[in-house]
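Student: Sequence:
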Amino acid sequence: MNKIYVPPLKIQGKKTQLVPFIKQHLPNEPFTTWIEPFMGSGVVGFNVQPKKAIFADSNPHIINFYQAMQRKEITPLVARQYLQEQGKILAEKGQVHYNEIRERFNHQHQPLDFLFLNRSCFNGMIRFNRNLRFNVPYGHKPERFAPAYITKIANQIKQIAFLIDTNEWEFVCQPFDLSIQMAQPNDLIYCDPPYIGRHVDYYDSWSETEELLLAQKLQESKAKFMVSTWHSTSYRQNTYLQTTWQQYNVVTTSHFYHLGAKETNRNAVTEALITNYVEPPKNTQITPKTTLQQLALPL
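In this note's numbering, the protein residues as written are 1 to 299.
Keep in mind that the hints were calculated from the coordinates and are not lab data.
Keep in mind that this is a model prediction, so the values were computed, not measured.
For every residue, glycine included, the Cβ atom is placed at its ideal position computed from N, Cα and C.
Where hints are given, some of them may not hold.
20 Å max Cα-Cα, derived PhoX-like pairs, lysine-lysine [stated by the list, open to error]: (1) K141 x K93; (2) K10 x K158; (3) K3 x K141; (4) K152 x K88; (5) K3 x K51; (6) K88 x K141; (7) K158 x K3.
Cβ pair distances, simulated, as ranges [claimed, not checked]: (8) L77 x S254: 38 to 46 Å; (9) T151 x S254: 27 to 35 Å; (10) D177 x L77: 37 to 45 Å; (11) T239 x Q184: 26 to 34 Å; (12) L132 x E168: 25 to 33 Å; (13) Q95 x E73: 37 to 45 Å; (14) F122 x D177: 49 to 57 Å; (15) F162 x E85: 34 to 42 Å; (16) Y149 x T270: 40 to 48 Å; (17) T270 x V78: 27 to 35 Å; (18) H140 x V278: 42 to 50 Å.
Please take these sequences and the hints and turn them into a complete structure.
Tutor: The structure is reproduced here in structure tokens:
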């Protein structure tokens with residue numbers, strides 16, 4: 001089985017389980033630059049491992065974290081020492097210490113505090129209010145930072161740091177439309193926007209306006225693109241596939257979300273991958289169940 005590099009930041013909706021599926025449907029022709037306007041956890045791009053990439057997100061704290069890694073301000077050793085110190089205090093003070101770190105982060109925006117909150121908050125969520133203040137409550141696990149868990153995080157940082165050092169990657173904070181406009185004809189754009197029509201724990205929740213703008217900007221681009229979205233659940237379907245994205249190709253696979261503020265949000269979902277090209281799926285050691293569709297969805 002191919003190794004999946006797991007990023008140190010956990011983000012709801014991350015595509016770890018979908019990496020093999022997405023890689024199966026990359027274009028056969030090589031591309032120059034991988035452009036990811038909605039970086040999120042970065043797990044897809046980190047596992048595609050392009051030689052040249054632009055990872056972008058509108059959330060400055062995600063970008064700050066990886067820029068700090070690029071500058072060597074965050075290393076496996078630095079992270080290990082920080083989490084050992086803060087984890088010991090968390091074990092003693094619990095929620096009081098968590099609240100102190102959260103308040104400090106909301107004023108100082110230190111990337112290591114962001115990592116601490118991400119790994120000790122409720123259900124590993126990243127959620128901000130309209131003022132971009134982190135507001136996820138404590139996860140009530142005072143012994144969260146056990147030695148084995150810290151080692152796991154340090155190893156994740158080590159793996160991603162190696163990829164950053166050996167490739168030409170840029171991390172930028174900007175709106176998605178500006179990232180798409182940077183694409184050249186030989187580039188590949190991978191978009192993983194917040195899912196339209198589904199609950200989104202994010203400070204800039206996604207609406208029809210953004211969905212239509214995304215489709216417009218991708219259509220104007222001369223580059224090939226891939227868009228991750230949802231196709232259907234047991235209860236309803238993504239009708240935008242029949243309207244906004246009807247001229248493009250769609251492949252699907254089943255997936256289960258484990259992250260979410262509510263148990264009802266953790267259900268099986270049929271995922272969709274929209275592309276402006278058609279390529280036969282590549283043979284890999286991991287073969288998820290997929291179907292190729294031409295948007296023949298029932299109303």
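Student: Does each hint fit the structure? Answer for all of them.
Tutor: These are the hints, each one checked on the structure:
A hinted pair counts as satisfied when its Cα atoms are at most 20 Å apart, and K141 with K93 qualifies at roughly 11 Å. For the given pair, K10 sits about 16 Å from K158 by alpha-carbon distance, which is consistent with the 20 Å threshold. Restraint check: the Cα-Cα separation between K3 and K141 comes to about 29 Å, which exceeds 20 Å; the hinted pair is violated. Distance hint between K152 and K88 is fulfilled; the C-alpha atoms sit about 17 Å from each other, no more than 20 Å.
Simply put, K3 and K51 have alpha-carbon atoms about 18 Å apart, close enough for the 20 Å limit, and the pair holds. A C-alpha spacing of about 12 Å is found between K88 and K141, which places the hinted pair at or below 20 Å, so the restraint holds. For the hint pairing K158 with K3, the CA-to-CA distance comes to about 15 Å; that is within 20 Å, so the pair holds. The hint said 38 to 46 Å for the Cβ distance between L77 and S254, and at roughly 40 Å that hint holds.
Checked against the hint of 27 to 35 Å, the C-beta distance between T151 and S254 comes to roughly 33 Å, which is consistent with it. Between D177 and L77 the beta carbons are some 39 Å apart, a value that agrees with the proposed interval 37 to 45 Å. With their beta carbons about 33 Å apart, T239 and Q184 fall inside the hinted range of 26 to 34 Å. As the Cβ distance of L132 to E168 is approximately 29 Å, the hint placing it in 25 to 33 Å holds.
In this structure the hint that Q95 and E73 lie 37 to 45 Å apart at CB is violated, the actual value being about 28 Å. One distance hint, 49 to 57 Å for the beta-carbon pair F122 and D177, is violated here, with the actual separation near 32 Å. For the pair F162 and E85, the beta carbons lie near 25 Å from each other, so the given range of 34 to 42 Å is not met. Separated by about 33 Å at the C-beta atoms, Y149 and T270 break the suggested range of 40 to 48 Å.
Against the hinted window of 27 to 35 Å, the Cβ-Cβ separation of T270 and V78 comes to about 41 Å, which falls outside the hint. Checked against the hint of 42 to 50 Å, the C-beta distance between H140 and V278 comes to roughly 48 Å, which is consistent with it.
Hint violations for this structure: numbers 3, 13, 14, 15, 16 and 17, all remaining hints satisfied.
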